[in-house]
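What follows is each chain in one-letter form.
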Amino acid sequence: MTAVTLIFSMLFALILLFLVTGEHHRSVVALFGALLTVVFGLEYGLLHLQSLWSELVSFEDIDVLMLVIGVMILAEGVARTGFFEFIGLSLVRAVGKSFRSLSLILILLTILFSSLLSNITSMIIMGALTVSLLRKLRVEPTQLVLYEALATNVGGLMLMVSSVPNLVVASEFNIGFLEFAEVALPLAFILSVASIPLILRQIGTEPLLEGLPAESSIEVDPWSVIRDKKAFYRASALFFCVIILFVLEDFIKVPLGLIAVGGATAMLLLGGHRPEPIFSSVDWGTVFFLASFYIIVGGLERSGVIAVFADMAIKVLGLYPMAGPALNVWICGLPSSVLDNIPMTLTLIPVVRRVSESTGFSLMKLIWGIVFGANLGGNLTPIGSPAGIIALGILRREGRSVSWGEWFNLCAPVTLLQLLLASVYVTVLSVIP
Amino acid sequence: MSEEELPREYAEVESRIERSVSPYITVRIPMPEGVDREEFLKLENDPRFINALSRYTRRWLTRKARKSKSSF
Chain U
11 MTAVTLIFSM LFALILLFLV TGEHHRSVVA LFGALLTVVF GLEYGLLHLQ SLWSELVSFE
71 DIDVLMLVIG VMILAEGVAR TGFFEFIGLS LVRAVGKSFR SLSLILILLT ILFSSLLSNI
131 TSMIIMGALT VSLLRKLRVE PTQLVLYEAL ATNVGGLMLM VSSVPNLVVA SEFNIGFLEF
191 AEVALPLAFI LSVASIPLIL RQIGTEPLLE GLPAESSIEV DPWSVIRDKK AFYRASALFF
251 CVIILFVLED FIKVPLGLIA VGGATAMLLL GGHRPEPIFS SVDWGTVFFL ASFYIIVGGL
311 ERSGVIAVFA DMAIKVLGLY PMAGPALNVW ICGLPSSVLD NIPMTLTLIP VVRRVSESTG
371 FSLMKLIWGI VFGANLGGNL TPIGSPAGII ALGILRREGR SVSWGEWFNL CAPVTLLQLL
431 LASVYVTVLS VIP
Chain B
592 MSEEELPREY AEVESRIERS VSPYITVRIP MPEGVDREEF LKLENDPRFI NALSRYTRRW
652 LTRKARKSKS SF
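Chains as they are written, first to last, in my numbering: chain U, 11 to 443; chain B, 592 to 663.
Just chain U, with the same shape it has in the complex (with noise of 0.2 Å):
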């Protein structure tokens, strides 16, 4: 190992340091590793003062932060209107009629928002109808919620927008939408299918809050939540032409990043609203830190730090053969249940890709270990998932803080039980011609 691989090895330890602390936000901290990877970067050779801007601008990949920009100005022009409470007390008036099935529809709901917007704001629509329907069942919320956070993790791996990493991934590696879905639908399913009976059973044990009676039934009205019918039906339809749009992708061949653009720019002209709201909506962290950490892998790659990660992953390879793609399952997710699932993605992306020009092992067959794993992962402990962390500020707005320990008894179970099955599924995926 020479000084210059030393020398980022060691910045890239720090970085991650900072990350976990979470005592500065994640994009400040992204910021400052992109800063002292151009200023080492400079000082070692590896960056050069006078093509600095363009070696940087090589780094990223502005397809995919183009695509990350356009779908949270599209989910957010969308969700403005409505249409997500819409659907959520529609879905609610017409088969919440007990608790049970009520709680079965919340969860579904949620990994079907969470695949079509951000884990965030699926956590805030479902956290807060939720709420609001367990307030009038008198129903404790807190396991419902928690599980609700879980939920959002398994919609985060179905669709290829549905999660910064798989967009990274799938742009990395040109992947399709279709193509991307063929691979993570059915294990979303096989996910659900399995973790939803262990959920409904332990949320069948859930006290009654004291107080007033629960009413006996839930009457709502979902278009109460529509201001504007108009913009509810214009931004609805071009949300949906959009997500057509992304569908067809890989026989109209234009650029993810320019149809979310494109249909951001549409959602802005005709969506009804003002764009200033958006805009500040717009989740700016997550841009910077994607675009900053891009610049800091950039660096790790030029100083040979790649190289030594590829190394060792090569030598378990050598080791365990069959083992490659599961094992990507827990080396992204273990770090995700503390870390970002970004910078695991980013980091192990450029791993894998030596892996595989070293050992002739398929790339194809090592990645969606990487999807699975950074989606999953972060469910493992309170502080792995924004969607978690939502659930925790909103349960402890209802009066109701969780433990780390509770945290591990009700979520672990369910989080363990799906790295499983991700990592059985890769094997199985891998041994498939």
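Check the hints yourself; a few may be wrong.
Claimed, not checked - Label-pair ranges, simulated between beta-carbon atoms:
#1 B/640 with U/200: 48 to 56 Å
#2 B/642 with U/285: 43 to 51 Å
#3 B/616 with U/410: 37 to 45 Å
#4 U/104 with B/638: 30 to 38 Å
#5 U/250 with B/603: 23 to 31 Å
#6 B/638 with U/247: 25 to 33 Å
#7 U/263 with B/619: 37 to 45 Å
Please keep in mind that the hints were generated in silico from the structure rather than gathered at the bench.
Glycine residues also receive a C-beta, built at the ideal position from the N, C-alpha and C atoms.
Once you have looked at the hints, place chain B on chain U.
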């Protein structure tokens, strides 16, 4: 995002859903003359006062419905 913060959108979404699940209205009652200001302001969070208003609302709406039926 720290564990302490909850996005401000949550309050907006919750209030929209809450109105649909448990409809409510917000009214402004001006302070009547000759009452104690402190006592008047306390009414906003007094559950007995809110229950009394709720019962009065029911009576008002029942009477209104009966009147419109008899005029019809």
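Indices of hints not satisfied (ascending) | Numbers 3, 6 and 7 - these are the hints that the structure violates, sorted from lowest upward.
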